[in-house]
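Colleague: Sequence:
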Amino acid sequence: MSSATLQINVIPKRMLTKTEAAHHCGRSVRRFEVEYNFPPVKFANGDLRYDVHDLDAWLDSLKAGGADHDADAILEKLK
Numbered sequence: 003m004s005s006a007t008l009q010i011n012v013i014p015k016r017m018l019t020k021t022e023a024a025h026h027c028g029r030s031v032r033r034f035e036v037e038y039n040f041p042p043v044k045f046a047n048g049d050l051r052y053d054v055h056d057l058d059a060w061l062d063s064l065k066a067g068g069a070d071h072d073a074d075a076i077l078e079k080l081k
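Using my numbering, the letters of the sequence shown correspond one by one to residues 3 to 81.
Don't take every hint at face value.
Unchecked claim - The calculated SDA-like cross-link candidates involving lysine to any residue, where the alpha carbons are at most 20 angstroms apart (straight line), are: (1) Lys-44 - Ser-5; (2) Lys-15 - Gly-67; (3) Lys-20 - Glu-37; (4) Lys-15 - Lys-65; (5) Lys-20 - Ala-66; (6) Lys-44 - Lys-65; (7) Lys-20 - Met-3; (8) Lys-20 - Ala-6; (9) Lys-44 - Asp-62; (10) Lys-20 - Gly-67; (11) Lys-44 - Asn-11; (12) Lys-15 - Val-36; (13) Lys-65 - Asp-53; (14) Lys-15 - Ala-66; (15) Lys-15 - Lys-44; (16) Lys-20 - Ile-10.
Unchecked claim - Across the chosen pairs, the derived CB separations fall in these ranges: (17) Ala-66 - Pro-41: 21 to 31 angstroms; (18) Glu-35 - Gly-67: 40 to 50 angstroms; (19) Lys-15 - Asp-62: 52 to 62 angstroms; (20) Leu-64 - Thr-21: 18 to 28 angstroms; (21) Val-43 - Met-3: 23 to 33 angstroms.
Think of the hints as simulated: they come from the structure by calculation, not from any bench. Just so it is clear, CB atoms sit at the ideal spot from N, CA and C, and this is done for glycine as well.
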């Protein structure tokens, strides 16, 4: 019996659409809209995208007890 090797290279995206961001966080789009309180990045052509780093930081804050709901953390996100 013969065998073959398959190499697949996946390049992860950093900037996600709202649907992709919700999926990344394991939430429905509706729940994501309610729970995630930070604005997306607006590109010059008007596209709105969510940064994976910001999403991961938000998820980490939920695990740590919701530190991102602190006013200073919210202001830092808006910079």
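Colleague: Now tell me, hint by hint, if it's right for this structure.
Modeller: The hints, checked one at a time:
{"no.": "1", "hint": "Lys-44 - Ser-5", "result": "violated (47 angstroms)"}
{"no.": "2", "hint": "Lys-15 - Gly-67", "result": "violated (28 angstroms)"}
{"no.": "3", "hint": "Lys-20 - Glu-37", "result": "holds (13 angstroms)"}
{"no.": "4", "hint": "Lys-15 - Lys-65", "result": "violated (24 angstroms)"}
{"no.": "5", "hint": "Lys-20 - Ala-66", "result": "violated (24 angstroms)"}
{"no.": "6", "hint": "Lys-44 - Lys-65", "result": "violated (28 angstroms)"}
{"no.": "7", "hint": "Lys-20 - Met-3", "result": "violated (46 angstroms)"}
{"no.": "8", "hint": "Lys-20 - Ala-6", "result": "violated (38 angstroms)"}
{"no.": "9", "hint": "Lys-44 - Asp-62", "result": "violated (24 angstroms)"}
{"no.": "10", "hint": "Lys-20 - Gly-67", "result": "violated (24 angstroms)"}
{"no.": "11", "hint": "Lys-44 - Asn-11", "result": "violated (29 angstroms)"}
{"no.": "12", "hint": "Lys-15 - Val-36", "result": "violated (24 angstroms)"}
{"no.": "13", "hint": "Lys-65 - Asp-53", "result": "holds (19 angstroms)"}
{"no.": "14", "hint": "Lys-15 - Ala-66", "result": "violated (26 angstroms)"}
{"no.": "15", "hint": "Lys-15 - Lys-44", "result": "holds (16 angstroms)"}
{"no.": "16", "hint": "Lys-20 - Ile-10", "result": "violated (26 angstroms)"}
{"no.": "17", "hint": "Ala-66 - Pro-41: 21 to 31 angstroms", "result": "holds (22 angstroms)"}
{"no.": "18", "hint": "Glu-35 - Gly-67: 40 to 50 angstroms", "result": "violated (23 angstroms)"}
{"no.": "19", "hint": "Lys-15 - Asp-62: 52 to 62 angstroms", "result": "violated (20 angstroms)"}
{"no.": "20", "hint": "Leu-64 - Thr-21: 18 to 28 angstroms", "result": "holds (20 angstroms)"}
{"no.": "21", "hint": "Val-43 - Met-3: 23 to 33 angstroms", "result": "violated (50 angstroms)"}
Checked against the numbered hints given earlier, this structure breaks hints 1, 2, 4, 5, 6, 7, 8, 9, 10, 11, 12, 14, 16, 18, 19, 21; the rest are met.
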